[in-house]
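As a plain string of letters, each chain reads:
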Amino acid sequence: MTPDVAARLARIVGERRVLVRAGELRAYESDGLPGYQQRPSLAVFPGTRDEVVEVVRLLAELGLPFVARGAGTGLSGGALADDVVLLGLHRLTRIVEIDAENARAVVEPGVVNAKLTLAASAYGLHYAPDPSSQTACTIGGNVAENAGGPHCLKYGVTLDHVVSVTALLPSGEIVVLGNDDGEQRGYDLLGAFIGSEGCFGVALDVTVSLARDPQAVRTLLADFSSVDAAAHAVSGIIAAGIVPAALEMMDTAAIQAVEASIYAAGYPTDAAAILLIELDGAAAGIDDDAARVEQLCRSAGARNVRSASDAAERARLWQGRKKAFGAMGRISPHLVVQDAVVPRTKLPAVLAEIQAIGQRHGVNVCNVFHAGDGNLHPNIGYDSSDPVQAKQVHDAMTEVMAACIAAGGTITGEHGVGLDKLPYMDELFTPATLGAMCALRAVFDPARRANPGKVVPVHSCREWHGAPAARASA
Amino acid sequence: MARRARGAGERVSAITSTADVAARLADARARRTPLRIAGAGTWLDAGRPCGPAERVNLDALRGIVEYEPGDLTLTARAGTSLAEIERVTAGHGQWLPLDAFGDVGGTLGATVATASSGPLATAFGTPRNQVLGCEVVTGAGEVIRVGGRVVKNVAGFDVTRLMTGAWGTLGVITEVSVRLRAKPAVDETIAVPLPPDGAAHAQRWLRASPLPAMAAELVSPALAKRLGIAAPNAPVLLLRFGGNETFVRAARHAVTALGDSLPAPATVWSALRGVDGGGTCTFRLSGAPARLAELWTATTRVIQDAGALAHATVSRGVIRCVLPAMPDDALRTLLGALPPATRIMERAPASCWDPQPADRATASLADGVRRVFDPDGLLNPGILGIT
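If you read the sequences in order, they're chains A and B. For the first sequence, my numbering gives the first residue as 3, with consecutive numbering after it. For the second sequence, my numbering gives the first residue as 170, with consecutive numbering after it.
Be careful, since some hints might not be right.
[To be verified] Here are the in silico distance ranges between beta carbons for each label pair:
hint	chain 1	residue 1	chain 2	residue 2	range
1	A	E261	B	R418	38 to 48 Å
2	B	R529	A	E26	32 to 42 Å
3	A	E103	B	H422	37 to 47 Å
4	B	P379	A	D312	17 to 27 Å
5	A	G49	B	T436	51 to 61 Å
6	A	D388	B	R376	55 to 65 Å
7	B	A259	A	D312	57 to 67 Å
Rather than coming from a laboratory, the hints here were simulated on the basis of the structure. Glycine included, every Cβ here is placed at the ideal spot set by N, Cα and C.
Hey, can you work out the whole structure from these sequences and the hints?
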């Protein structure tokens, strides 16, 4: 990167907000995915919407590729910038408006997920998608990844909660995607933008819908002497037609890590698996559903089922779950958290297969995941600087992914493809499908400068027999 | 391909597989002949501004491909009717809560292609929120499979969302996977007559109620009468509650705060879906949800003397108007007098069709998307009314 580029960017954002020295850039060499380090050519941190627009337009003028980054909590390597410009958006933290009448909020991309819920709580509202990283991750990043979280079982993922986005295309052009009215006409360009992992542009502002705080909440903890029994309980609850707000599973390794940490939640450490089941909604009828869930757990073999007696106990039970990855991270230098989804009836079989894969490769696979959605997060603690361990983990995870695909599932439910899942895209999609995705990307970013090399393998981009990629009137 | 009789000028092969669709599209490309893609064909007379084209009927491309009740997901070929899906899933106490307007003989593919929904969207959303993935033959002749069959999936760019509501202009949907729900133990509908200016009050009540309804539809006095609800010339709020017995009992009790309820016939929702004003125009208006009461008042003022039927999905801020037969010029005058809002035509004479306004940048993106998936512009040309 020439000093001239840094100087021109500094004229927009101020010198302090452009990082060029290796030491300064070190913090931006990785995101939540261990085992990958990539150094950006420089990092630029605009502080206002106008600055973002100016920066992106300058990068367009210079033909420079860039990677947008929120809080850098992503788990698929999507925010890694390999010798290209890193565009940090975490300074755009303004909650522009909370519209209680319409139960909506307009936010800048750098607003932290949990801070939005905190601001909305004054109106009895909250932002429903709640990734485990919600105290750090940003709404812009959530939109890029179509983020989920435990409560997405009942309330849906980011896609279901975004009303409209003002997007800045990599060319520097501004477009409004979606519609603040009840319905929209034409193609669902907003739907295409959400989850596009920073390849289609940058969100300048996001209008989200807010959910009403439920009148009543019941949080149950069920413990089992086998993972298989817990998995069958999950299938039983789903099949019975009860839609819990969240239905999470943790296995013994995860339980013990949490209980040995400052996040100890009072989980039974001798359990093979626990289910954390939350029901919410109207007070009327909630205890009937809770009783039904308890009975379903017991008939699947639960040793014990208890209900959080108050808000403090509920918060404690949840903290153990949400900080589980942090707790496990204490145990080993690195923790790889995988993300895959299987049909819910396949959970018992796939969990058994994952254990067998782990044993075959000599790695200890733990499970902390959104069981109600069939969204697995097998994770392995290891030392990524040890090539032997790194290879064992890589081989085991490759087999886990293959098992999930074979079960009729998918390679990512909420973390995105990023860099980490690129090798599996060919397993999941045909060349024609990947080619169509490449061509779609080129509509939003004809020069393919935004988050280059992510999501769709580059080699698949030659397979498409459709139209030339360029936009008609761009 | 099975052969069957068709009208003069139509190609005669019935389409029963994805390969048939691909062959049909390849043939059309070779002949540079535009195609009109149809499901059961129940909306073909809606007057959409689609250029002359050969019709491709997908109603023989039907059947459930995969249904595992424990997963609450279902995959079906595009020509499978909503009625068939309802029948199959009901056997397991489940349903696809997608009550799009029109005939229940309508197909899954057409419902998704048009992103059609009905009152149940209040609780369950629109096809955008329910479709998990699909198989599509693009206008470029490629068979692609996007999304998947599991309930959470962010693998790759979301082409599924683009196909949903694209009206077949990007490709022919041949197979769809959807999320199902368990049917509630109790499913009860309550009709509450409101004072003439009761829309705002009903909206406030709904917003404050801790007992969420599966559907909350505001119905004009004329439509209430048509639906067999004995309301004395008043708008009626139709509420549908689903849940366990305790929940529904509490909801029934809570509704008394809104007014005295009337018995609603069990058939009221299917009657509402199929309501026909005898005319050639049906449209929807929407604004931000909080505008609903104001939009309802302004809209009913314009349409009531014309004898129109109106209903509104309160939480979504969407009003639907079904007009009786009237001369085109009277219809144009009526449409011109409507309050400003997003307007979507369902059915209209060609001369009254709305052009689609879009800002230049968005239109350019939409055009680029279209060129990627249908480079020769062969699929349903003009049907979106984009000018």
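Point to revise | Cβ distance range 51 to 61 Å for G49 of chain A and T436 of chain B, holds or violated | key: holds, 60 Å
Point to revise | Cβ distance range 32 to 42 Å for R529 of chain B and E26 of chain A, holds or violated | key: Given a distance of about 40 Å, which is inside 32 to 42 Å, the answer is holds.
Practice item. Go ahead and decide if the range 17 to 27 Å is satisfied by the Cβ distance of P379 of chain B to D312 of chain A. Key: holds, 20 Å
Check your understanding: That 38 to 48 Å hint for E261 of chain A and R418 of chain B (C-beta), does it hold up?
Key -> This hint holds: roughly 42 Å between Cβ atoms.
Check your understanding: At the C-beta level, are A259 of chain B and D312 of chain A separated by a distance inside 57 to 67 Å?
Key -> violated, 41 Å
Review point. Does the Cβ-Cβ separation between E103 of chain A and H422 of chain B fall within 37 to 47 Å?
Key: violated, 27 Å
Check your understanding: D388 of chain A and R376 of chain B, beta-carbon distance inside 55 to 65 Å?
Key -> holds, 57 Å
Checked against the numbered hints given earlier, the structure breaks hints 3 and 7 and satisfies all the rest.
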